[in-house]
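I would like the entire structure built from these sequences, with the hints used as guidance.
Chains A and B supply the protein sequences, listed in that same order.
If you count the first sequence from 1, position 148 lands on 148 in my numbering, and the numbers rise without skipping.
If you count the second sequence from 1, position 59 lands on 59 in my numbering, and the numbers rise without skipping.
If you're looking for bench data, these hints aren't it; they were derived computationally from the structure.
Treat the hints loosely; a few may be bogus.
Simulated restraints, written as ranges between beta carbons of each label pair [to be verified]:
hint: 1; chain 1: B; residue 1: K42; chain 2: A; residue 2: E117; range: 19 to 25 angstroms
hint: 2; chain 1: A; residue 1: K134; chain 2: B; residue 2: H72; range: 17 to 23 angstroms
hint: 3; chain 1: A; residue 1: K49; chain 2: B; residue 2: K24; range: 55 to 61 angstroms
hint: 4; chain 1: A; residue 1: E120; chain 2: B; residue 2: I2; range: 36 to 42 angstroms
hint: 5; chain 1: A; residue 1: D29; chain 2: B; residue 2: I25; range: 43 to 49 angstroms
hint: 6; chain 1: B; residue 1: I2; chain 2: A; residue 2: K49; range: 56 to 62 angstroms
hint: 7; chain 1: B; residue 1: S3; chain 2: A; residue 2: P133; range: 22 to 28 angstroms
hint: 8; chain 1: B; residue 1: K49; chain 2: A; residue 2: D29; range: 24 to 30 angstroms
hint: 9; chain 1: A; residue 1: K131; chain 2: B; residue 2: K68; range: 17 to 23 angstroms
hint: 10; chain 1: B; residue 1: H28; chain 2: A; residue 2: K49; range: 55 to 61 angstroms
hint: 11; chain 1: B; residue 1: T36; chain 2: A; residue 2: K134; range: 25 to 31 angstroms
The beta-carbon is built from N, C-alpha and C at its ideal position, and this holds for glycine as well.
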Amino acid sequence: MASHQLNPNIWVDQYADYLFNYAVTRVSDSEIAKDLVQETFFAGLKSAKNYKGEAAERTWLIAILKRKVIDHYRKINSKKGKAEVRMNYSSHSDSEGDWLEEQVADPFSSTNTNFLENEELGLAIQNCISKLPKKQSQVFVMKTIQGIDTEDICNELGINPSNLWVMIHRARTALMDCLNKNWY
Amino acid sequence: MISCEKAQLICDKAQYKEASFLDKIKLHIHLLICKTCAGHSKKNGRLTKLCNKAPLHSLSEGDKKTMKQKLHSDK
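This is the structure in structure tokens:
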């Protein structure tokens with residue numbers, strides 16, 4: 001069913017943050033992540049005619065970004081001329097026993113699953129934010145994620161504080177609803 | 001006794017640590033009496049916790065602007 005359409009004019013506003021989050025958790029460098037997102041948009045424009053409308057716009061863009069992330073790792077590995085996985089023998093002198101056994105991930109460590117879960121949570125929140133009206137999401141992101149002072153936001157956007165708090169309140173209420181449906 | 005609107009405002013401010021001590025006391029007294037606000041306040045706090053737990057990143061408006069310009073010049 002070709003019910004989806006591409007609308008490149010809203011890409012940056014709608015998906016930039018979502019894609020950026022996805023990229024940052026994978027390359028852990030915000031500058032590189034930014035470039036990858038930009039490249040994704042370029043690639044999306046270029047191959048827009050190949051878009052069949054089967055997937056939602058965002059899914060389609062994420063698929064492109066995935067390739068970009070892989071390409072990025074390929075590039076930095078070939079630059080160094082060594083695309084290899086290096087495993088060092090554990091340098092702890094107190095380790096004893098089988099080498100392989102010591103390399104196995106600790107099944108009781110919860111950091112890995114926590115990390116994955118938090119990343120998904122981040123994308124879920126970002127998804128909900130992108131559904132907010134533009135002004136509300138702008139204020140919410142500035143306040144909550146970028147942690148900018150109330151006063152500075154008011155100056156930048158030309159609103160007064162009580163205006164800001166009303167928008168924050170509406171944004172938060174909408175986010176609670178959205179996360180209730182999509183996260184819990 | 002403060003109104004529910006006032007309580008909501010303080011509750012939102014408290015999420016960003018911008019509520020004064022006196023305001024917070026007023027809020028908590030209100031929450032003892034008003035079930036609706038208590039529920040809302042609980043959810044509000046949970047949202048704050050979720051936002052803190054998740055690794056959230058965002059691009060600044062300036063970054064987005066340059067992105068748009070680059071995209072536009074490419075078209």
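Going down the list of hints, with the structure as the test:
Distance hint check: the CB atoms of K42 (chain B) and E117 (chain A) are about 22 angstroms apart, consistent with the given range 19 to 25 angstroms. With their beta carbons about 19 angstroms apart, K134 (chain A) and H72 (chain B) fall inside the hinted range of 17 to 23 angstroms. Distance hint for K49 (chain A) and K24 (chain B): a CB-CB separation of about 57 angstroms, consistent with the stated range 55 to 61 angstroms. The supplied range of 36 to 42 angstroms is met by E120 (chain A) and I2 (chain B), whose beta-carbon atoms lie about 38 angstroms from each other.
Evaluation of the 43 to 49 angstroms hint for D29 (chain A) and I25 (chain B) yields a pass: the beta carbon distance comes to about 45 angstroms. For I2 (chain B) and K49 (chain A), the Cβ-Cβ distance of about 59 angstroms falls inside the hinted range of 56 to 62 angstroms, so the restraint holds. At roughly 26 angstroms, the beta-carbon separation of S3 (chain B) and P133 (chain A) lies within the given 22 to 28 angstroms, and the hint holds. As the Cβ distance of K49 (chain B) to D29 (chain A) is approximately 27 angstroms, the hint placing it in 24 to 30 angstroms holds.
About 20 angstroms separates the C-beta atoms of K131 (chain A) and K68 (chain B), a value consistent with the hinted range of 17 to 23 angstroms. Remark: the range hint 55 to 61 angstroms for H28 (chain B) to K49 (chain A) is upheld by a beta-carbon distance near 60 angstroms. Roughly 29 angstroms separates the CB atoms of T36 (chain B) and K134 (chain A), a value that falls within the hinted 25 to 31 angstroms.
This entry satisfies every hint, going by the numbered hints stated previously.
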